[in-house]
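Go ahead and model the full structure; you've got the sequences and the hints to work with.
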Amino acid sequence: MSAIVEEHSNHGTPKGLQRWLFTTNHKDIGTLYLLFSLTMFLIGGAMAMVIRAELFQPGLQLVDPHFFNQMTTVHGLIMVFGAVMPAFTGLANWMIPMMIGAPDMALPRMNNWSFWILPFAFAILLMSLFLEGGGPAFGWTFYAPLSTTYSNDNTAFFVFSVHIMGISSIMGAINVIVTIVNLRAPGMTWMKLPLFVWTWLITAFLLIAVMPVLAGAVTMVLTDKFFGTSFFDAAGGGDPVMFQHIFWFFGHPEVYIMILPAFGIISTIVPTFSRKKLFGYASMVYATASIALLSFVVWAHHMFTTGMPLAGELFFMYATMLISVPTGVKVFNWVATMWRGAISFEVPMLFSIAFIVLFTIGGFSGLMLAITPADFQYHDTYFVVAHFHYVLVTGAVFSIMAAAYYWLPKWTGNMFDIKLAKLHFWLSLVSVNVLFFPMHFVGLAGMPRRIPDYALQFADFNAIISIGGFAFGLSQLLFVAVVYKCAKGGEQVPGKVWDGAEGLEWEVPSPAPYHTFSTPPEVK
Amino acid sequence: MQHGRLLRKLLLLTLGMFAFAFALVPLYDVFCDVTGLNGKPSMKVAEQSEAIIDSRQVEVSFTTHSQGHAPFKVDAAQHFVSVQPGKLTDVKFIAKNISDSDRILQAIPSVSPGKAAKYLHKMACFCFDQQPMKGKEEVEFVLRFYVDTELPDDVEELTLSYTLFDITERVSQTQNVQLGQLVALKEF
Ligand code: HEM
Ligand SMILES: [Cu+2]
Chain A
1 MSAIVEEHSN HGTPKGLQRW LFTTNHKDIG TLYLLFSLTM FLIGGAMAMV IRAELFQPGL
61 QLVDPHFFNQ MTTVHGLIMV FGAVMPAFTG LANWMIPMMI GAPDMALPRM NNWSFWILPF
121 AFAILLMSLF LEGGGPAFGW TFYAPLSTTY SNDNTAFFVF SVHIMGISSI MGAINVIVTI
181 VNLRAPGMTW MKLPLFVWTW LITAFLLIAV MPVLAGAVTM VLTDKFFGTS FFDAAGGGDP
241 VMFQHIFWFF GHPEVYIMIL PAFGIISTIV PTFSRKKLFG YASMVYATAS IALLSFVVWA
301 HHMFTTGMPL AGELFFMYAT MLISVPTGVK VFNWVATMWR GAISFEVPML FSIAFIVLFT
361 IGGFSGLMLA ITPADFQYHD TYFVVAHFHY VLVTGAVFSI MAAAYYWLPK WTGNMFDIKL
421 AKLHFWLSLV SVNVLFFPMH FVGLAGMPRR IPDYALQFAD FNAIISIGGF AFGLSQLLFV
481 AVVYKCAKGG EQVPGKVWDG AEGLEWEVPS PAPYHTFSTP PEVK
Chain B
1 MQHGRLLRKL LLLTLGMFAF AFALVPLYDV FCDVTGLNGK PSMKVAEQSE AIIDSRQVEV
61 SFTTHSQGHA PFKVDAAQHF VSVQPGKLTD VKFIAKNISD SDRILQAIPS VSPGKAAKYL
121 HKMACFCFDQ QPMKGKEEVE FVLRFYVDTE LPDDVEELTL SYTLFDITER VSQTQNVQLG
181 QLVALKEF
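Residue numbers (this note's numbering), protein chains in the order written: chain A, 1 to 524; chain B, 1 to 188.
Since the hints were derived computationally from the structure, they do not count as laboratory data. Take these hints with a grain of salt, some might be off.
Said to hold, decoys possible - Taking beta-carbon pairs under 7 Å as the criterion, some of the chain A residues facing chain B (in silico):
#1 Leu35
#2 Thr39
#3 Leu42
#4 Ala106
#5 Pro108
#6 Ala156
#7 Ile170
#8 Ile174
#9 Pro212
#10 Val213
#11 Ala215
#12 Gly216
#13 Ala234
#14 Ala235
#15 Ile361
Glycine residues also receive a C-beta, built at the ideal position from the N, C-alpha and C atoms.
Shown next, in the form of structure tokens:
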């Protein structure tokens, strides 16, 4: 094993574009994933700005409704599959080998492929926006018959690009599992694994379990639309409600795919800056596993209004509420870790604390939505939009920011501009709440989602929301600036960047050398 | 290679889950059949009932509606009938193609409450076949059905609803038949 690695390190690194195109190095690939994700975050963010500009005032002013629909659809697709998921995969690539004392990912060539097919997938998706008739406009959930009977022929590009994204994430997941199972350093037993590694292992299994189901769903949409099958067409003996069952069988575990690695990140950062061990390590592992298992039996909480029988409504209501128990265990453990700790408020910790508070708000609105009779009122309103942006933006995205600030000095060897980073944090924190909190109120008052116009009584709130949106969008440019400056230079940092930090990644110098742990470390 | 075995297992799992997505389709139908959750009655010709329960009356009503812009009007001659379980009943439906062009009608039945779906047996139904109709043509269809003697006691009335689909494009796309031929065939 180590012989292969040594030979590998001797051939020197190719320079320029070739280095990035052919690289099989986990750190290079991690960097590529992270930069790709950041690009997608900005593109998807620009689409959100279009949406918020249109909704700034009632009435139709800037874009026509069909284009508005394309914006909501592609914004969702890009943020889910282009920004959040690749960011986590990038972090996994960078950190998992260093955290378990492995020289690289187990399947480096496949790793190169899983990244490099991604830009193609998104190029195809974005290109379809410029074709005649426009891109996908049926929502990121592509419900049939919107995506079959009522969509245009460019839907084929959508299907193709989702296939590629799926293949990419499955390959990434397989790589993570093989790496964690086979390449742990001697002495790195299961219950010593850092929580980020644990949560990613479980996420990878979720990915392998549900991404193929998504691939199946888009394939059925494709054949229904172009090849005359009728999976979802009642006239031919199919059933459009079945689409929703298949989609959400993927969709609900998918939302946990986007939050479990975040749990791992927060569980890593909070102990560092509380200068205490994580409270309840084992219970964190079990809570993660039970969330993952439960996530397969709650999908129909997205379908309460499709006319399910009472027994179904009740089952999915209680099962959904059950998930909040292990989620609550996690929040409790984070708070207990901070309790009486010697807390200091470095930027990664600021993002983590914001995560804990704001993600919990998202969890509570989720609980409200889980109450079947209440959901009849809330379904397809801005209340749902508020819910999933609290769990995804102040949840998943904030955790990614926290992780970036936490490990950026390790990656670059330089401390980032702390003043600028703090400004980024505070502006984001305030604006994100101005952006998403009022959505709860307009939602409860009945404003529907995915509609380019609204009733006059929602005007003031929407103007406030849009202002929050522009402020949040612009604040993210500060993040780009911080990352750029940090990559270019800055105050040198030692191997152990944060004095409370624990883990193998802090035992190598900063910046982390191109090859680490070519001989496995001994873990005691 | 030490990773080979695990890799193969994971690939197999991936393929298995892809197949599972397609297996969900029949599974869904079976599940709905067994539990009667989605109110889909059988689309096959039923056998005649052996018994009739004289002492019980069940009210069956009929509704129809066109899906989207399907240019059909179908009305039951009687909007509801009161039947004894097991007893055959005929109901006439007047169907009209309200457009000027030749169209193919497909009616999809659905029963409410859902759990009664599997107790409604049809021996003849226009929904069993695609129905080509000329522009402005009016036809009479007969539905022959009975309600199963095993129908749960708490179901006192049920509704048979037809959704009318215009499948002209679909048929000409997939089977490449000329609509004129189909209409001619029927007249023959
Ligand atoms: C306590 C935990 C949670 C509960 C009880 C919960 C419950 C729900 C319910 C009932 C809905 C459906 C609302 C409707 O459409 O009427 C929903 C929607 C949604 N949830 Fe959650 N949720 C929870 C956590 C999360 C997490 C952690 C995420 C992602 C990180 C998430 C992401 C979403 C998304 C994206 C949607 C909307 C999907 C769409 O229709 O486009 N939820 N949630
Ligand atoms: Cu869900």
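Cut-off 7 Å, beta-carbon criterion: hint that A:Ala235 touches chain B
The hint holds - A:Ala235 has a Cβ within 7 Å of chain B, the shortest such distance being about 4 Å.
Does the nearest C-beta of chain B fall within a distance shorter than 7 Å of the C-beta of A:Val213?
Where the cut-off is 7 Å and the nearest Cβ of chain B is about 4 Å from A:Val213, the hint holds.
Hint check: is the beta carbon of A:Ala234 less than 7 Å from a beta carbon of chain B?
Holds. Min distance 5 Å.
Do the numbers back the hint for A:Pro212, that is, is its least Cβ distance to chain B under 7 Å?
holds (4 Å)
Does A:Gly216 hold up as a contact with chain B if the rule is Cβ-Cβ below 7 Å?
At 2 Å from the nearest chain B Cβ, A:Gly216 passes the 7 Å test, so the hint holds.
Are A:Ala106 and chain B close enough, Cβ to Cβ, to be under 7 Å, as the hint says?
holds (5 Å)
Holds or violated: is there a CB of chain B closer than 7 Å to the CB of A:Ala156?
violated (16 Å)
Have a go at the A:Leu35 hint: is there a Cβ in chain B nearer than 7 Å to its own Cβ?
violated (27 Å)
Is the interface hint for A:Ala215 satisfied, with its Cβ closer than 7 Å to some Cβ of chain B?
Holds - the Cβ of A:Ala215 comes within 7 Å of chain B, reaching about 6 Å at its closest.
Taking the least C-beta to C-beta distance, is A:Ile361 closer than 7 Å to chain B?
At about 34 Å, which exceeds the 7 Å cut-off, the nearest Cβ of chain B leaves the hint on A:Ile361 violated.
With 7 Å as the cut and Cβ atoms as the points, is A:Thr39 at the interface with chain B?
violated (28 Å)
So, as I understand it, the hint says A:Ile174 touches chain B; can you test that by seeing if any CB pair is closer than 7 Å?
holds (5 Å)
Violated hints for the displayed structure, listed by number in ascending order: 1, 2, 3, 5, 6 and 15.
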